[in-house]
Amino acid sequence: MQRIGVFVCWCGSNIAGTVDVQAVSDALKNEPGVVFSTNYQYMCSQAGQDIIKQAIAEHKLTGIVVCSCSPRMHEATFRKTAAAAGLNPYMVEIANIREQCSWVHKDMPIGTEKAIILGKAAVAKVNLNTPLTPGETPVTKRALVIGGGIAGIQTALDIADAGFPVDIVEKKPTIGGKMAQLDKTFPTLDCAACILTPKMVDVAQNDKIRIFSYSEVTDVKGFVGNFDVTIKKHARYVKEDVCTGCGLCTEKCPQKKVPNEFNLGMDNRRAIYIPFAQAVPKVATIDPNYCTMLKTGKCGVCSKVCTAGAIDYKQKDEFIEEKYGAIVVATGYNPISMDKFDEFAYSQSKDVITSLEFERLTNAAGPTAGKLLRPSDGKHPHTIVFVQCVGSRCDSCAQKGKEYCSKICCMYTAKHAMLTRDKYPDTDVYVFYIDVRTPGKNFDEFYRRAVEEYDVHYVKGMVGKVTPEGDKLKVQASDLLTNKQMHIDADLVVLAAAIEPDKSARPLATMLTASMDTNDFFTEAHPKLRPVESPTAGVFLSGTCQGPKDIPETVSQAGAAASKVIGLLAKDKLTGNPCVAHSDEWMCNGCSSCERVCPYGAITYEDKEFRMPDRTTAIRRIAVVNPAVCQGCGACTVACPSGAMDLRGFASSQIMAEVDAICK
Amino acid sequence: MKVSYFPGCTLKNKAIDLDIYARKSAEVLGVTLEEIEEWQCCGGVFSTARDEIATKLASVRALKAAHEKNYPLVTVCSACHNVIKQTNHAMQNDAEFAQKVNNYMAPEDAYNGETQVYHYLELLRDVIGFDTIKGKVVNPLKGQKIAAYYGCLLLRPSSTMQMDDPENPHIMEDFISAIGAQPVIYALRNECCGGYVTMESPELAKKKSDAILENAKAAGADMIVTACPLCRYNLLKNGTDMPVLYITELLAQALGVKEDTNG
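So the protein lines, in turn, are chains L and F. If you're matching positions, the first sequence starts at 1 in my numbering and goes up one per residue. If you're matching positions, the second sequence starts at 1 in my numbering and goes up one per residue.
The set of hints was computed from the structure by calculation and includes no laboratory data. Incorrect hints may appear among the rest.
[To be verified] Each computed DSSO-like pair below joins lysine-lysine, with the alpha-carbon atoms no more than 27 Å apart:
| id | chain 1 | residue 1 | chain 2 | residue 2 |
| --- | --- | --- | --- | --- |
| 1 | F | Lys145 | L | Lys472 |
| 2 | F | Lys24 | L | Lys465 |
| 3 | L | Lys472 | F | Lys207 |
| 4 | F | Lys206 | L | Lys484 |
| 5 | L | Lys350 | F | Lys145 |
| 6 | L | Lys340 | F | Lys237 |
| 7 | L | Lys221 | L | Lys465 |
| 8 | L | Lys29 | L | Lys141 |
| 9 | F | Lys136 | L | Lys484 |
| 10 | F | Lys206 | L | Lys474 |
| 11 | L | Lys460 | F | Lys217 |
| 12 | F | Lys217 | L | Lys472 |
| 13 | F | Lys2 | L | Lys465 |
| 14 | L | Lys340 | F | Lys145 |
| 15 | L | Lys465 | F | Lys217 |
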């Protein structure tokens, strides 16, 4: 028989405001096995924990129930308290009488009654608890970073700096991400390439970092400390270790009409290409969709001009398998498609562009060598209209845009407007906004400068329609402050398109069993207290894959994710979760139901010799659970037709005892 | 096949061409438009007042008549279509509204939005198919540059109308291609013609219509085609020399069931 102690927490007035805590501790005193019951203002405080420790010693308790907040908050705290008093930590049960009781009820008698019932259920469970001891698993001291933008680069550099090897997997032929496409960065206006490319070179030169460019993660197995990852390295038809990056092939390739994705299709590249001058690795890549040799077998110019002999038309996709202790997701973002926003005539006129296209138009390495010229006729635009929130904060049109604020647009639009006025003072610049949101260090000052020093016309209101007519774009808008309609004949319209997570994020989340929100942003383990960890152990988040962020925030989060990874890799062994499944070999009939439902591949089968009651021996096929791989989800216990599968700490008998206690 | 047909008041006088050629063309394409008996005016505007049922009863009666025959209900006029489709949507999704209507009408069987409502263009696209139409064209309108004019009612509110993307539609352009002509895309094809203010502010209506006509002309159109009698009236009244035709007229012409070739 257990000797159980019950500890009811007031949580100040959080619980005590709607639950009569004295009545709860009195009622639970009479439950089977309970030898001690009390209540206290803050059980999680040092004084509260001391009450628990003292009671364990004084009353020789074998199990405790804490009626308090969600186990997600303080289960770990109370387990430690129990362990310090010499009690097995798995003899602790939490009855959640805050989030699931006091916070959702207003009426004291109802709240109290429910708290007592929840307490009884926890007591019933503890009566059946048994001490559990977690196992230990070794840690593979290597990290994987998925995505080679500024987030992935910074994370990899920081991890490598601590002495651990890191691999970056980047699906494009070069690392650098979106930041490599930007011109200047707010609020200091330093050039993006000048601050990014030295970091890219650091990555290339760091002997702890390997770059798998033009590659994707195709499979992830295992668990924290021991991930088995398959990386698909796409054939680039160029030997990476031989190519010197001289670029001769990219000048001689006769296939000149390939839309250049680095410049967002505003100019063309060759079928063999290096995305930009500072690419890392600086290695050419053949685009198989356009290469004449790969399509027809006739050409071979690049192979002829390559003095290093790096071209290999027969190269095949390669699969690499590697073990990692931790995985960092840094898959980044993309601007949303403008297809559903044709009121702005994006599909009808070349002179309606997105802000990222504007970045390329003003970038010295862009299609116009940094001169601001209209894509349609190459003329200098004299009136430019910037439209903010295109697809952002779209609560009435969720099927078309995004409900969230994309966060970066107010600042980059202010930057675009200011730089345009600075370089071309003869240009009239309008910015249409819903709200200008510029919190951040030196951000609002930056925006004020655009308005006050650079005379950018900021208009509160949205553009309703853009009508291309002749060589003008007729912009119809409303000025909400004067309540007047505006008609502007613009030469260029720039749309601040909402940003969304990269499309590769959703399948990746499935592989990693990491959760996502409805917008496909990765979910953090706790929105305030664990913002760089995913709820899946060993998976960390860096940059915009978790939510819209600017560069300073991305870099801070990248560093934070790296420090979490370093903390993990610094350990030699990880303590596992003992609440895992196990099979009763006498009841198991080897049907494979459990194996089929296990999402972690933790169940295998073996043939085992049994001595039967009639003294004969029999070979039977039975399920075996690998406790290091099992995550304790319990799917197998439900699937098992013979009831052989059970979960330690959450045994069917324990759950039923809880249900009985609630229904009594 | 047979479908129930709601022509609407305008199609019985001002817009008689829209009606006649809708029927003739449908026959050629194997669909008989069976006019609902004793139909009443749709009311012209869908009232957004949620406690208002009186103006919506005519639509419910038409919908119910189609339901009794187990036919889909086809409309041609943009305004009728808008009112009937929105009413049907409310009958499906607003239980309180549907109950009020059913209580008032006290029919033997309650009506809860079961009828499938098609605009004539949807009938062409989803039931008959533009490819089938292409096969039946005897008089392709080759070389004609035609600007589709959607107006405001045909596509909006898009979550209810569910016909096409309200900002970048292509159903009429696909129709124009199917009858052998060349569609002209221009920005103002889904803007309001000013029809609803044409009585109280003729200048504003003219401004709106002129902008549409100019924009279509600048994009190279020879002709405008529409499904809405009010739009056509307004564009012609304020218009230039740009012909404005109904979709059904062009269809009949392409199918060879229209006597005089217009435009």
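Quick rundown of the hints versus the structure:
no., hint, result
1, F/Lys145 - L/Lys472, "holds (22 Å)"
2, F/Lys24 - L/Lys465, "violated (38 Å)"
3, L/Lys472 - F/Lys207, "holds (19 Å)"
4, F/Lys206 - L/Lys484, "holds (20 Å)"
5, L/Lys350 - F/Lys145, "holds (22 Å)"
6, L/Lys340 - F/Lys237, "violated (33 Å)"
7, L/Lys221 - L/Lys465, "violated (50 Å)"
8, L/Lys29 - L/Lys141, "violated (50 Å)"
9, F/Lys136 - L/Lys484, "violated (51 Å)"
10, F/Lys206 - L/Lys474, "holds (18 Å)"
11, L/Lys460 - F/Lys217, "violated (33 Å)"
12, F/Lys217 - L/Lys472, "holds (15 Å)"
13, F/Lys2 - L/Lys465, "violated (41 Å)"
14, L/Lys340 - F/Lys145, "holds (25 Å)"
15, L/Lys465 - F/Lys217, "holds (18 Å)"
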